Amino acid sequence: MTTATATAAADRTAPGTLTGAWRAFTLQLALYKHIWHGTVFTSVLLPVLYMVSIGIGVGAYIDPASIGGLTYAEFIAPGLVCSVAVMMLGNDMVFPVFGGYETWGGHYLAQRATPLRPVDILNGHLAYAAVFRPFTNCTIVAIVMAFFGVYHSWWASFAVLAAALVSASLAPWLFFWASSLKNDSNLNMIFRFAVMPISLFSGVFFPASEMPGFLQPLVWLSPLWHGTELARAATADVAPALPPVAHLAYLAALAVTGWFAARHVVQRRLNF
Amino acid sequence: MSVIAYSAARATLRSSGALLNRNWIAMRRAWILVISGAVESLLFLFAFGFGVGALVGDITLPDGTTVSYTAYVAPAILANAAMMAVLAETSINVFAKFKWMKVYDGILNTPLRPWDIALGEVWWALIRGFTYIAAFVVVMGLFGLLDSWWSLLAIPACVFIALAFAGIGLTLATLFRDWPDFDWMNAVVFAMFLFGGTFTPVEAYPAFAQPIVYIMPLYHGIELVRGISLGQLGPMMLVHIAYLMALCVGGMWIAQRRLARALYK
Amino acid sequence: MSYEGFRLTGMPDVNEILVSAADLRKSYGDHEAVRGVDFEIRRGEAFGFLGANGAGKSTTMRMIGCVSQPSAGTLEVFGRDPRTQGAEIRARLGVVPQDNTLDGMLTVFENLVVYAGYFGIKRRAAREKAAELLDFVQLTARSKDQVNELSGGMQRRLAIARSLINDPELVILDEPTTGLDPQARHLVWERLFQLKHRGVSILLTTHYMDEAEQLCDRLVVMDEGRIIASGSPRELIDTHVTKEVVELRFGTAHTAELAALADTLDGVGAQIEPLPDKILVYTDDADDTNAALEIRDIHPTSVLARRATLEDVFLRLTGRALVEDEA
Chain X
28 MTTATATAAA DRTAPGTLTG AWRAFTLQLA LYKHIWHGTV FTSVLLPVLY MVSIGIGVGA
88 YIDPASIGGL TYAEFIAPGL VCSVAVMMLG NDMVFPVFGG YETWGGHYLA QRATPLRPVD
148 ILNGHLAYAA VFRPFTNCTI VAIVMAFFGV YHSWWASFAV LAAALVSASL APWLFFWASS
208 LKNDSNLNMI FRFAVMPISL FSGVFFPASE MPGFLQPLVW LSPLWHGTEL ARAATADVAP
268 ALPPVAHLAY LAALAVTGWF AARHVVQRRL NF
Chain Y
54 MSVIAYSAAR ATLRSSGALL NRNWIAMRRA WILVISGAVE SLLFLFAFGF GVGALVGDIT
114 LPDGTTVSYT AYVAPAILAN AAMMAVLAET SINVFAKFKW MKVYDGILNT PLRPWDIALG
174 EVWWALIRGF TYIAAFVVVM GLFGLLDSWW SLLAIPACVF IALAFAGIGL TLATLFRDWP
234 DFDWMNAVVF AMFLFGGTFT PVEAYPAFAQ PIVYIMPLYH GIELVRGISL GQLGPMMLVH
294 IAYLMALCVG GMWIAQRRLA RALYK
Chain A
42 MSYEGFRLTG MPDVNEILVS AADLRKSYGD HEAVRGVDFE IRRGEAFGFL GANGAGKSTT
102 MRMIGCVSQP SAGTLEVFGR DPRTQGAEIR ARLGVVPQDN TLDGMLTVFE NLVVYAGYFG
162 IKRRAAREKA AELLDFVQLT ARSKDQVNEL SGGMQRRLAI ARSLINDPEL VILDEPTTGL
222 DPQARHLVWE RLFQLKHRGV SILLTTHYMD EAEQLCDRLV VMDEGRIIAS GSPRELIDTH
282 VTKEVVELRF GTAHTAELAA LADTLDGVGA QIEPLPDKIL VYTDDADDTN AALEIRDIHP
342 TSVLARRATL EDVFLRLTGR ALVEDEA
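Chains X, Y and A, in that order, are what the protein sequence lines are.
Take any residue in the first sequence, note its place counting from 1, add 27, and you have its number in our numbering.
Take any residue in the second sequence, note its place counting from 1, add 53, and you have its number in our numbering.
Take any residue in the third sequence, note its place counting from 1, add 41, and you have its number in our numbering.
Hints should not be assumed to be uniformly reliable.
With beta-carbon atoms standing in for the labels, derived distance ranges [to be verified]:
{"id": "1", "chain 1": "X", "residue 1": "Ala57", "chain 2": "A", "residue 2": "Arg290", "range": "47 to 55 Å"}
{"id": "2", "chain 1": "X", "residue 1": "Arg295", "chain 2": "A", "residue 2": "Gln235", "range": "44 to 52 Å"}
{"id": "3", "chain 1": "X", "residue 1": "Gly65", "chain 2": "Y", "residue 2": "Gly303", "range": "27 to 35 Å"}
{"id": "4", "chain 1": "X", "residue 1": "Pro142", "chain 2": "A", "residue 2": "Glu265", "range": "50 to 58 Å"}
{"id": "5", "chain 1": "A", "residue 1": "Ser61", "chain 2": "X", "residue 2": "Gly65", "range": "54 to 62 Å"}
{"id": "6", "chain 1": "Y", "residue 1": "Asn239", "chain 2": "A", "residue 2": "Ser61", "range": "46 to 54 Å"}
{"id": "7", "chain 1": "Y", "residue 1": "Leu228", "chain 2": "X", "residue 2": "Ala87", "range": "35 to 43 Å"}
{"id": "8", "chain 1": "Y", "residue 1": "Met80", "chain 2": "X", "residue 2": "Phe241", "range": "28 to 36 Å"}
{"id": "9", "chain 1": "X", "residue 1": "Leu248", "chain 2": "A", "residue 2": "Ala166", "range": "54 to 62 Å"}
Here are the simulated BS3-like pairs of lysine-lysine, each with C-alpha atoms no more than 27 Å apart in a straight line [unchecked claim]:
{"id": "10", "chain 1": "A", "residue 1": "Lys284", "chain 2": "A", "residue 2": "Lys185"}
{"id": "11", "chain 1": "A", "residue 1": "Lys163", "chain 2": "X", "residue 2": "Lys209"}
{"id": "12", "chain 1": "Y", "residue 1": "Lys155", "chain 2": "A", "residue 2": "Lys284"}
{"id": "13", "chain 1": "Y", "residue 1": "Lys152", "chain 2": "Y", "residue 2": "Lys318"}
Quick caveat, the hints were computed from the structure, so don't treat them as lab data.
The structure presented is a predicted model; accordingly, all values stated were derived computationally and were not measured.
Positions of the beta carbon are idealized from the N, C-alpha and C atoms, including for glycine.
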């Protein structure tokens, strides 16, 4: 009897795009239940340590005039909200993606054996890493920052949106990269040559305009710089480097092109 | 007596050298991975030494002297580089060889003893750390952060930091049970990096926090390297060196004891 | 010790004792893995420890290999004390552990050269020796491959080559063919035969009876931490079982039914042993047993007459089949 009811409950049609992404997302969510306590470090402890040591500690030696009249804590807080988004992607979009294919655990392969299509698997993972994670964890970071008295108005809550945009623009590209790799020994390279430089040189800790002119174009490429400019506009009520629409357009363009690139590679790897 | 001591030392050197040789052969194919480790510390130097340094300008030290913030932070990041290179090698890599790849299980059946293994790993970590330190010092020189040839003494000073963290890393490798334990280690290391006197003088910290900082091994390393780099030598340096050496010897001793216990069942 | 008859002239003193143990014991907490064993291993012989998993073979092997301290009793290897002179003893031993413990980050050739370094062998000599040993275990063509690209049998052969890098006086092999397919097993056996012919002393553990019969000049049977029998394979068979064994199966008949049937067989052979799936009849002549069954009008579904093996010895000594439970 039990088998009969179980069979009747199963959906025997192919899922649509939204349903498929939702089902793939639920797997990520199930895994998250096992690691959520680890996120206490990235979303609470880390920002607090940064704020105390750099924001307040080093800030005591910095003249607000050199950063547009803000206190140094006010200056770095919005960037930290966005930085945590990038840091989380380093956890969610590198090893888990690489391990989704045959080499390690193979979550993707397991999902591929169900009615889910490769694109559903991609969308599900992106929904987790670029929507769920920033909107939960970066919100916590933003709230933690509030205790340092660095906000001017409720507009500050838009910093979380900026962080989510940074996540969305970077996540598909990380997915693309981790899916294209054949050898796990090069996985760590992404931290050294992408995550770290992006985190340090995107105007989070010092205005990007201070960097030598020939490096400026690299800063403009960094999604974190665009996100930080937007977030700082929200929290500190200062004008961003470019019109907000330009920042938004760049991040959106990066997200869309990244998604197509990621879709291409996930279909190549998971279609038999 | 000295002849016996000499030949014993020679035998130990030869045995630990054999393990060093193993690591060299195993890692020479992954040299890009090893060398590129130096990049991380350089990024921190550029971001905090030059980027944030330009915002701060000059900093007045507790003794009243004034130095540029860049010259103040650079030696601390150098000390951090020495720590990170050696810690990564002795903790995570040794853990992988010990519990995961079972490399030492094979070595067990040879005349090598756990002490030789511990010593061999320390040699290797020192060599790796030394390449990072040397690269960093060269960059410091290129950017005019070394005022005199005396500043080159920072290199041997870093060796003490490397030795201390080699001992600590080895002990952690034998204590840890699984990979998540390393996340905790990284959290502690990161907290040391932020609060060990890297960015601001410890004297500016609240009074209750200062004793905690004095326990941090990295603090002693930073003080040592910064003192040499800024040309402020003093008797406290001997205390720093003694503390770091004690950590090295103690750590290696515990590590080889624990290796022996785990391997010689 | 029939083997000594074949000994080549010019070999070292065959009566030299390489390993001797008296009342050797090893406990882990409350558990006593080895409960007082005595044995002697002489130069040039192939000596086997036979027993099920958990019998104490591997523990004994680890004590001889100086990677485990005896809890009590005396043990001498090359006339030295493993408690204090472990490194000196290990310098003269070759060990093939059950799980190979090859270095996964190194190639086949590097595994040998690096291992040679642990024995203080100079680089040039190590490379020559490594090449020679790869040839010996027929892996020369794979010398540049990573270890994990090799099959199980190849990895075992590489581990054997590695154990020979220091020209050991005694080679210890812990279950050398466990987990290998039949073809790979035969290749390993063949190489071990070669070693024996070169006069290398061999000490091996196994739970395969055929392996012990093929390779060992002398062996001891271990069970629950004790030695329950010792001698050459032939001696053990002669002493503890009859020359031949007849296996009888009765359709789907099982444990209890077979035990009842066994009672009716009294007298058809020297000894009757009911097992869960069959009945063993130990006999000096299988034809006589078959005739006796015929006379009693007993017709098993299948009758298999074979030569007695060490398996039968083990069964007779312990009263149970040698089960291969993974420890």
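Outcome of the hint check:
Distance hint check for Ala57(X) and Arg290(A): the Cβ-Cβ separation is about 51 Å, which falls inside the suggested range of 47 to 55 Å. Look at Arg295(X) against Gln235(A): about 50 Å separates their beta carbons, and that is inside 44 to 52 Å. Taking 27 to 35 Å as the suggested C-beta distance range, the pair Gly65(X) and Gly303(Y) conforms, at roughly 30 Å. For the hinted restraint 50 to 58 Å between Pro142(X) and Glu265(A), the CB-CB distance of approximately 55 Å keeps it satisfied.
Remark: the range hint 54 to 62 Å for Ser61(A) to Gly65(X) is upheld by a beta-carbon distance near 55 Å. For Asn239(Y) and Ser61(A), the Cβ-Cβ distance of about 52 Å falls inside the hinted range of 46 to 54 Å, so the restraint holds. Look at Leu228(Y) against Ala87(X): about 38 Å separates their beta carbons, and that is inside 35 to 43 Å. In this structure, Met80(Y) and Phe241(X) meet the distance hint of 28 to 36 Å, their C-beta atoms being roughly 35 Å apart.
Checking the proposed 54 to 62 Å range against Leu248(X) and Ala166(A) shows it holds: the Cβ atoms sit about 56 Å from each other. For the given pair, Lys284(A) sits about 50 Å from Lys185(A) by alpha-carbon distance, which is inconsistent with the 27 Å threshold. A hinted pair counts as satisfied when its Cα atoms are at most 27 Å apart, and Lys163(A) with Lys209(X) does not qualify at roughly 37 Å. Taken as a hint, the Lys155(Y) and Lys284(A) pair is broken in the structure, with Cα atoms around 46 Å apart against an allowance of 27 Å.
Our distance criterion of 27 Å between C-alpha atoms is met by Lys152(Y) and Lys318(Y), whose separation comes to about 14 Å.
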